[in-house]
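**Student:** The primary structure of each chain is shown beneath.
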Amino acid sequence: MTSNIILPILQLIVIVGFSPLVKGFINKIEARLQSRRGASIFQPYYNLVKLLQKDAVVSETSSWIFRATPYVTFVSILIISLIVPVLSVKVPLNFTGDIILIIYLFALARFFLVLSSLDTGSAFGGMGGSREMMVSSMAEPAMILSLFAVALTADSTNLSNITNTLLNDSILLLNPSLLLAFAALGVVIIAEAGRIPVDNPYTHLELTMIHEGMLLEFSGRYLALAEWASSMKLLVLLTILVNIFLPWGIADGLAFSGLIIAFALYVVKIGFFAFVIVIVEMSFAKLRLFRIPNLLGTAFILSILAIISLYVVR
Amino acid sequence: MAEHLFVISVLLYATGALLALCFFKWQKAGNFISLVFAAIASCFSITTAVILLSNGATVRLNFSLYHAIIKYNFLLDPVSSYFILAISSISFVAAIYSIGYTRLYINKRDTRFLGFLYNLFLVSMLLVVTANNALVFMIVWELMTIVSFFLVIYEHENPANMKAGFIYIIMAHIGSALLAVAFFIMFAHVGTWDFGFDDFRKVGGRMPEVYKNVVFFLVIIGFGIKAGIFPLHLWLPMAHPAAPTNVSMVMSGVMIKTAIYGFIRFYFEFLSPCPPWWGVVILIIGATSALLGILYALVEKDIKTLLAYSSIENNGLIIICIGLSMIFKSYNLIALSSLAMIAGLYHLVNHAVFKSLLFGCAGNVYYATHTKNIDDLGGLIKRMQITAPLFLVGVLSISAIPPLNGFVSEWFVFQSLLNGFTMPSVIIKIITIICGAVVALTGALVATCFVKAFGISFLAMPRTEHAKHAKEVPVVMYVSMGLLAVLCVFMGLFPAKIMMTVNHVNTHVLGIDIVNSLTSYDWLQMKIVRTNFTQLSPKSAFVFGLILLGITFGALTLIRPGFARKFYETWTCGRSPEPRLEYTATAFTRPFKTVFANLYRPQREVSMVYTVPKFFVKSISYVSEVSPIFEKYFYGPVSQFVLDISNKVRWVHTGSIHIYLTYIFITLIILIIFVGK
Amino acid sequence: MIILFLLIIPVVTASICVFIKKHHVSKYISIAGSFIALIYNIYLNYNIYTYHSILGFNNFFYVDALSILTTQIVTIVAFAAALYSAGYMEAELHDGVISEKKLQWYYFLFHMFIFTMLLVCVINNLGVMWVAIEGTTLATTFLVGFYNKKQHQEAAWKYIILCSVGITLALFGIILTYHSAKGVLEEVGYALNWSDLRAVADKFEPHLMKLAFLFVLVGYGTKAGLAPMHTWLPDAHSQAPSPISALFSGVLINCSMYGIIRYHILTSKCVGSEYSCTLLMIFGLVSVIVSIPFILIQKDYKRLLAFSSVEHIGFVALGIGFGGMYSVYGAVLHTFNHAVAKALLFFCAGNIFLKYKTTEMENVKGIIKTLPVTGTILAIGVLAITGTPPFNIFVSEFLVLAGGFASGNPFIITFSSVLIVCITLIFIGFIYNMYRMIFGTPTMDIPKGETSKFTTAAMLFLLFFVMIISFYVPPLLREVLRDIYDIIRNVQ
Amino acid sequence: MTQQIIVNSRAIDILAVLMLITTIILIGTSRLKTCIWVYAFRSFALTLVSGLIASFSGIHHIYITTAISLALKVIVIPGFLFHIVRKINIKKGQESLINYTFSLLLACGIILIAFYSTQNVIQFENTFMRHCLPIALSITLLGFFVMIIRKQAIAQILGLITMEDGMFFAALSTSYGMPLIVELGLFFDIMVSVIIMGIYVYRIKESFNTLDTDFLKELKE
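Protein chains in written order, with my numbering: chain A, 1 to 314; chain B, 1 to 677; chain C, 1 to 492; chain D, 1 to 221.
Hints may contain errors.
[Stated by the list, open to error] Some but not every residue of chain D turned toward chain B, in silico, with C-beta under 7 Å:
(1) Arg31
(2) Ser117
(3) Met147
(4) Ile148
(5) Lys217
(6) Glu221
Quick caveat, the hints were computed from the structure, so don't treat them as lab data.
Positions of the beta carbon are idealized from the N, C-alpha and C atoms, including for glycine.
Full structure from sequences and hints, please.
**Tutor:** Printed below as a string of structure tokens:
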């Protein structure tokens with residue numbers, strides 16, 4: 001009974017609470033590697049707090065869709081964060097759905113973001129929206145296929161089961177298909193989270209921007225929610241990656257000690273992947289828009305190979 | 001009981017049709033009455049279907065009335081009843097909707113024929129899915145085609161509509177000719193002389209392999225034309241927009257589904273057992289149609305054409321499921337076959353609902369603005385405050401966004417595709433998985449397509465005067481659409497209820513009842529189907545979503561109690577925002593045109609007029625066309641060929657009596673030399 | 001005797017009509033006459049229904065199911081045509097195209113034409129049947145050239161020359177038959193009587209009968225419009241006044257087909273059905289194929305209808321040739337269906353002509369606006385004539401083709417498959433050409449409104465039959481059809 | 001008795017050959033009046049044949065037909081045709097579609113075909129039909145041939161009635177003529193059709209002011 005109370009709260013705390021931190025961490029490392037001092041690692045929190053205390057300026061051409069969007073986005077990511085296993089293989093909303101639901105909840109968030117970007121009637125928003133849709137529609141098949149590769153390996157599309165299976169006989173992790181799937185999923189996550197080389201989260205140049213372009217008209221609370229949602233999205237994606245491919249140490253119950261260890265390891269893993277992302281962003285330039293399909297196409301091919309090799313291995 | 005209800009409803013449709021003709025003077029009244037009759041009749045048939053599906057019963061209707069040699073007989077088994085349910089629920093809504101929509105035509109055009117044909121159209125679909133005899137089936141099938149043809153060319157002054165009508169009826173007729181051949185071939189093996197489907201059920205499976213394959217392909221093409229599979233889709237995106245919206249609603253929503261009905265009848269009853277490769281063919285066809293359909297929808301600017309193309313895509317999805325089900329069945333994995341079938345039938349009814357909803361709302365937009373071009377719209381959400389959210393619901397559910405119904409069927413599709421890897425042959429495994437990828441890509445493109453459709457036409461500022469002066473439509477129109485929207489939500493939240501009904505169909509067709517293993521309460525669990533275990537509960541997801549929303553909102557209000565919004569114009573780099581600055585539909589899908597350039601073959605010309613000296617651009621004209629490759633490389637040449645041949649032959653009639661006499665003479669000589677001996 | 005009465009009716013009507021100057025009198029008389037004939041024929045039909053065959057007038061007349069069906073068609077279409085010509089000629093008179101003087105002759109020839117056709121069907125003696133068929137030609141030549149302009153004279157000339165030639169050839173076949181019958185039958189006077197020939201046909205000299213059948217097929221085939229002897233047909237049909245064209249397409253070619261069928265029976269009894277069936281099939285298929293290009297590309301709507309007649313008579317020949325029970329059943333039903341539907345279409349064409357004063361399709365648009373009733377009926381008729389479900393011709397075509405496929409003979413199955421392709425092409429041509437006329441907006445401004453109540457009545461009368469057969473074949477007709485099948489199968 | 005039959009059949013054979021020759025002359029000559037004369041002559045020969053047959057077969061109604069054919073074919077029809085020719089005074093000879101030598105060659109071919117096609121029909125016959133049936137058939141086909149090659153309307157009428165002569169001859173030679181009623185019908189038909197054609201010849205002459213049927217090409221595809 002307690003588990004039904006504790007676990008959700010725990011997961012919400014982890015995802016909601018720590019997602020800005022991840023963002024700050026990435027920025028900090030990046031600044032360091034660019035030999036800048038960089039902003040404090042807690043800067044994202046300051047921004048959020050500030051924004052949350054402000055009123056909002058809303059475009060007069062926009063409609064209720066524009067105002068509803070931040071909530072929808074935020075909440076859909078929240079639900080996802082309750083479906084993915086974070087610290088324990090036991091997942092609070094396990095019965096509500098599986099990876100397919102997760103993918104389509106992301107779609108829900110995206111859907112409304114793009115609508116809101118069109119709603120303001122500014123060309124920037126439309127541009128960002130259309131590019132976002134293109135990137136995501138390229139990314140989605142790769143994502144689904146790579147997740148399917150995993151699902152087929154673990155005989156389930158349900159994340160907690162997947163994690164559980166892979167945790168119990170880790171030998172499954174050692175087959176080539178999972179490695180391929182891992183690679184594909186990595187690329188997809190970079191695309192979905194809007195990082196270099198697919199998108200540049202730091203600028204508002206209409207040439208480069210995708211995700212930021214959609215947030216252009218948001219302000220105050222709305223902006224806060226949108227930003228927060230995007231950082232949560234990043235963390236959730238990383239969590240999925242981590243808990244599927246490196247499930248070791250994740251608690252298989254609700255024992256306090258187990259959770260502590262799981263949390264420690266979780267932080268380490270996330271930190272590692274954040275670092276990887278930084279490295280990638282440091283070592284690549286942003287791709288031209290019409291080069292992105294090639295990159296994602298590669299990911300798609302990888303995921304297909306993952307599944308085919310799965311058949312071959314079996 | 002049920003059969004009486006069915007007959008009553010058919011009779012009611014008929015009376016409605018006739019009454020429509022009877023009112024010469026008072027068009028309005030006649031129209032109203034006929035449509036009301038249609039609505040009542042569809043209520044009756046809905047009840048019929050519900051009664052039959054509640055206990056999975058099978059009812060035969062054998063009339064002792066002789067058609068030339070055979071008696072009229074109909075069969076209401078669960079399959080039929082399921083389709084009856086889908087058809088007549090849409091008919092009900094459509095009838096109510098039409099009461100409002102037909103005001104466009106009253107006293108401008110002859111609405112008597114509209115009412116007449118409309119009733120006939122609805123009833124013919126009912127008869128198609130119940131006919132139990134080849135002759136009767138052909139008759140009602142073609143009746144459906146012809147009536148819908150007349151409805152397509154209802155506004156026949158417009159040459160484009162006539163062209164659409166021609167292409168429609170010609171292709172449809174070719175299709176039914178092929179179907180007739182299929183029936184003949186099977187009939188030749190039956191021996192008895194009442195072209196009953198029951199005989200086909202007995203004999204079809206035992207036909208020689210060659211004939212079975214021939215029939216298989218005949219049926220693919222014959223029904224495929226109706227289903228609008230690529231490359232036989234040509235008529236669909238022309239005819240559906242040409243028809244009045246209340247008609248195209250029904251055409252897109254349910255008429256093209258009768259083809260699916262045909263597939264089920266043939267491949268699961270007449271011709272079964274089928275070899276696996278049949279299923280694979282169907283699967284590939286479905287995948288192609290799905291992908292190409294949505295790709296063409298994506299770059300469409302005319303909203304009704306866009307919806308028509310998306311119907312092709314959705315039919316493709318359903319056909320994928322049918323194909324999967326066939327493959328599973330041929331490998332004797334009945335449970336999985338049944339799963340795929342559930343996915344297909346579920347998506348069928350879903351698509352019927354949300355596509356009608358979308359068409360209806362498009363009709364509302366047309367009613368209010370008299371334009372179908374998305375780029376001329378915009379800002380309607382402020383002017384049509386009820387239509388907009390309804391359209392949004394439709395858009396969300398067609399893009400399979402949870403918690404709406406589209407998502408559930410999409411989920412089933414993925415699950416059944418995922419189970420493809422239980423099949424023995426590696427090739428088929430890989431094909432299924434690639435289909436999975438195609439479905440995924442399709443899903444993403446659908447989202448894009450409908451974001452465009454909704455965002456460009458309803459949001460931001462109106463782009464033209466049409467849009468600026470739009471008013472909300474009459475009550476019946478959005479009330480009826482509201483019903484559909486509610487259905488979308490309901491079927492999204494409580495899938496188990498629908499499953500129960502679908503299950504009867506499955507148990508009838510495949511003889512296995514997997515629903516209890518599929519679902520407990522309304523969590524869908526797939527534990528028993530395979531080791532592959534997963535759960536889905538859209539309802540609870542939705543509930544938790546609401547809770548979380550509440551929490552978020554509460555927290556935010558705690559942080560800043562007096563939250564206020566200032567309204568200010570959009571920042572457009574300093575100048576005041578105009579409609580001209582908005583992103584258009586063309587621009588929105590421009591990246592896709594570049595990415596899929598091989599398919600679209602876009603022809604772009606940009607011509608600039610410069611001032612002299614040529615420093616400044618005076619005007620830019622930009623034309624971007626997507627070239628229709630199927631017309632260009634397939635249909636055009638074929639028809640041209642036929643016409644050339646016949647032109648060459650026509651010199652035979654030279655007009656000279658001597659030549660004519662010579663024909664007779666030569667014929668005679670040849671005969672008495674070669675035959676007379 | 002009762003048969004003789006059937007023949008007397010039109011003769012009397014004709015001879016009354018020729019003396020009456022005033023059209024508004026004579027039209028009623030001709031209508032009445034043809035109506036009586038129709039009713040009387042139904043009565044005869046019941047007799048056949050009970051007795052199966054009637055010999056009369058010391059074996060001069062012989063009526064069985066086959067002939068009664070044909071006479072039924074004749075009388076039905078004749079009544080409709082009489083109704084229609086009342087309205088049509090009224091209008092022509094009003095436009096001053098023709099004089100009342102000519103109308104006397106019109107009605108005279110009209111009823112003589114009907115008389116000859118009835119004679120063809122009820123006569124027992126094959127020789128006299130030949131005379132009667134030649135008689136139809138003679139009676140109608142002036143009707144073809146009725147308007148007596150250049151093209152009408154040309155059509156008439158071609159008509160009489162080609163048909164007479166054909167018929168003369170048929171005579172040779174009859175002579176041969178007579179010769180071979182004389183060897184078998186002791187009573188020489190009856191040696192051309194169908195009722196006697198049928199009994200002893202199997203004793204004939206096979207070579208003789210083969211040759212005879214060839215000549216009869218080519219000869220009567222010319223009159224029936226089987227390709228490649230059909231060349232007179234489009235000219236005559238397009239130039240004759242519409243009611244006459246209706247009679248041509250509807251019943252005249254059926255009468256000639258009737259003659260062919262009689263010979264088919266004799267021959268197949270003598271040399272086995274293979275021979276004549278094959279010939280019929282080949283000619284039928286050729287006719288169907290030949291008609292396609294002219295239907296696909298056509299400028300003149302009456303010619304279009306004429307070519308469709310070629311197609312349909314070919315279809316009937318094919319059905320007879322297929323020979324299976326339901327093929328024959330369907331083929332004979334097809335003669336009826338085609339007669340009513342094609343006559344209906346020619347009536348529509350007549351109304352269009354009166355309205356638009358042209359037979360060029362380009363100049364005819366928006367019929368549904370200018371002639372609402374005609375337009376609607378034409379739309380239905382086109383669907384019917386192209387064998388589209390649910391209309392009557394579909395039923396017969398379905399039966400014929402089903403029989404063909406079920407026959408199991410690869411030759412026949414190939415024919416049926418080709419046939420389906422042809423039918424589809426013809427459908428395309430028809431729909432494309434006709435619906436461009438029916439719909440759209442009229443090019444010139446033409447007053448709205450139907451021609452006259454007579455024409456509308458005539459069309460509705462025929463439409464009634466079309467619709468009835470579409471959904472329900474009355475038992476009387478069904479029994480007649482079964483009888484005919486037995487006759488053709490030579491079941492005594 | 002047999003003697004007489006032989007004599008008769010010889011006579012009939014001779015007449016038959018005569019008729020055949022006249023028909024070939026019909027093809028060979030260009031002057032219309034000659035053609036009509038030739039036709040009249042052949043009809044006379046035909047009448048002789050029927051008279052002979054009537055005499056030795058002793059079937060009475062053949063006398064009647066003989067009389068009728070004498071009246072009709074030898075007197076009335078040629079007279080009528082001459083009348084027409086005089087009315088619409090046709091001076092110049094009628095031209096044909098193909099030149100004479102070639103048409104004569106074709107005529108020979110046609111005769112061959114006639115013999116060839118009837119040979120296995122007549123092989124069992126023992127009467128004079130053996131020789132007459134092929135000749136009758138070739139007369140018919142030649143008449144047909146005349147209609148094809150001659151542009152002249154009247155020539156076509158001639159061709160048609162030539163065909164009918166062939167028919168009569170066939171009927172007589174094979175089976176002593178048809179039953180009376182049929183014969184009467186035939187005569188009636190021939191008369192009426194010739195009259196009708198005559199009328200149309202007038203009309204065509206006055207509206208096309210030519211009798212060259214090759215000009216009748218209004219109606220075509």
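**Student:** Taking the earlier hints as the rules, which of them does this structure contradict?
**Tutor:** 1
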